[in-house]
Amino acid sequence: MSVVLPIPVFPGRILAVTLPAGPGGTPVTVGGQNALPLLPEGEHPNAPAVGMEVRTGPQELPPALSGAIGPFAGDPAGMARKCAGDWGARFLFLSLAGCHPDAGGQSVSEGAAVVREVLSATPAPVIVGGCGDEEVDARLFPAVAEAAHRPVFLSYAEEKNYRLVAGAALAYGHGVVSWSPIDINMAKQMNLLLADLGFPPDRVVIDPLTGGLGYGMEYTYSIVERIRLAGLSGDAALARPVLCHLGDAWKAREATDASEASWGDVVARGQRWEETTGLACLAAGADLLVCRHPASVARLSGAAWR
Amino acid sequence: MKHSSNSSNEAGSVRFLPDGVDVPLVIEESLLSHALRGGVPLLSPCGGESRCGKCRVLVDGETRGGGDPGVLTRAEIAAGIRLACRCFPSPENVSVTILPESRPARLAAYLDGKDLAGDEPFLPLSRTASGGNPLGVALDLGTSTLAGALVDLSNGTVLSRATADNPQMACGEDLISRVVFAEETPGGFDLLRGRLLSGADDLVRRLLETSPVPGEVTDVVAAGNTVLSHFLYGISPSPIRRPPYRPVRKEYPPVTGETLGSGPATARAQWRIFPSLGGFVGGDVVAGILASGMHRQEEVSLLFDVGTNGEVVLGNRDWRIACSSSAGPAFEGGEVGCGMRAYPGAIESVRIDPETAAVEWTVIGRGRPGGLCGSGILDLCAELFRAGIVDRAGRFTPGAGAGRRSTERGDGFIVVPREMSATGRDVAFCEPDLKSVLRTKAALCAAAEALLRAVGLPREAVAHVYVAGGFGNFLDLRSALTIGLFPPIPLSRFAPLGNASLAGALGALRNRRRWKEALSLASGTLYHDLSSDPGFMELYQRALFLPHTDEESYRFVLEGEVSR
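Read top to bottom, the protein sequences are chains A and B. Note that our numbering numbers the first sequence so that position 2 is 2, with each residue one more than the last. Basically our numbering = 1-based index in the second sequence + 1000.
Rather than coming from a laboratory, the hints here were simulated on the basis of the structure. There is no bait here: all hints are sound.
Facing chain B, from chain A, some residues (calculated, C-beta under 8 angstroms):
no. : residue
1   : E159
2   : R163
3   : D183
4   : K188
5   : L193
6   : D196
Note that beta-carbon positions come from the ideal geometry of N, C-alpha and C, so glycine has one too.
Same shape as in the complex, but just chain A:
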């Protein structure tokens, strides 16, 4: 007697979203699946994509990163080329941290110029992140939206600023990253607010805020999993690809502290810390991963089967 295995069939399907590329580049399409990750059932037309962060402004790199990306400090365009070329990043997350008043305070127009520079340096899809200062970002996003000569995604729109960010994105044909602080309901609320503005759903990805390993990763895991289950169960506002930015893994002392000899080699440890965080996000259902260490791109891409 043969046993028929129950195969869960979900009524919903995750909306496919494309991060557009420049001429000669490869766009990144994620989403489109109707099943949970890492399971044999259902359709998984698009594998998760791994990208890399390119950051402006002065930064103090932990030991594991300084060897790998240290030489590119102050050269975002060069770094972008390297990421998309040798390191295999399928997209770039350009963080304009340098515009923050505490991080050098580049002007908004300087920030916008960096965006143009990076967009010209590589045809890879680009997500542009703000500097995190509310007042500066309010000027930065419109400037970036105008300066970008090909479609990008703006990161991020949250409850406080969504009109501004989404408005700028709408005006110039960009997409947005819809951000919420590890809360499934707020994630949905953000998408409903964007929908009320008439923002096209296929130009939105969800950033649920990613905690690093040991620093809230399990919360993120649970929320990403629930977002995915809700989306597959038919909640259209949550049936969107999820982006996990692994930068928080590099804030863990365990990933950066060289003074604890018993913890092992800080370079391997840091890289492993980011990788482990990323693997958990993939298992939870993330579609887009942003990492900072070049070695993570290959490792996570290899794990990103559907």
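Please arrange chain B on chain A, whose structure you already have, making use of the hints.
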């Protein structure tokens, strides 16, 4: 309750207008304390902690303090307007006029309640009067309002009804401030207890004065929340505000008015106080269950008591579960800048033209509007949302159309311009007000969802929704569901109850079986503590949106009529 104080060796006094009451001057006491001491009615929702800015008075004479620039405008300060809680008299005669908006008024808006439990044989508690007709008094002791009805116990007729402000209001608008006041002010407990008793006495006196039939009060049935029941019974409510938030007692054995310390009119009467369910679900809710009749039906009902606190009960004849949500007083006019109670001059309903943003409103009584009461606030929020002036997150959308103004309290909407208002100030609804309403409605809706989840029932299982509370009689259900005050349940299943607490107390007065029922309800109703419910915060966050994060269900219930 005369507050014995006053080592006043200063000459002079503070004269309160328009009542013309002189209070001996104590230089280190605020004007608010003087008003309290002299029994002058003055609104002080925060209990004198200078948080609410509502104890506005006009001073004539030398004073110190109370001219807070953040709360009062420069012009107001120049005109002599001060906050009574922060203003101190100088050692000379000072005259203080209590501004209209700071005076508690009176109106019978909180009186009517429905008793849906049906007609029953008249079977009163007791009817032996030593002289005259036996009379019974039903009392609803509300946080903000006291209401009462006088019943002829020989035939069950209601002879008169009356309502008054709870005189404890001056010591804090919400219950917790009052418990704190009782703990931290010397003589505070006695003061609060005395105020409650004198408020009840005044009410009974007015009931008797307006009654067409003379007689002697033999029975009093009082329904009040747990804190007020404790005050009335003379026991400290302090444990209610500390973990594990349990009351000292839940049942209050009947006592005579004399023992309780009530006035002569009820001194010989037997006082029965409705039992409490828990620290924040009191006898008023038990009386509400009684009036709704939900405890006799096989079908499952939800009961909302929307007052200064929000309480929710779910259940049927076999089981009931009740909880209190930290709903806050937004629909009683608290925590809302332009909020007021349902008195004359309060806007009770609002419509906004989505095209022109022109506002239409109706006012209780005649005259100019001074603010908005609960139903008006509810309507206003629903209309602002429908007109697209407010987004789903409870923020004003950018734009400068009619009525929009940027105030010192954030973006706002002018409901009534100052030229047309009773106070000479704009009646403006600002972003913090909106957020306060959003929190209140989210807490109430989430409380109901938490009860459903606790017993594992879907919303569809709810056959009736009873809405009790003064505001329940007047609220527009469509507005309520537009902003998601209640879970998405078809409008046809809703029934307003009005003052169900008073109706329940009346029922118990007219039929002693009902009183027994009330006693059994208390032990047969489970108290669900939301603060220890791990799922509540998530339900709250879900509801912290207009109308709700589950907007599809609301759209479905409202059949597309108000969807955007």
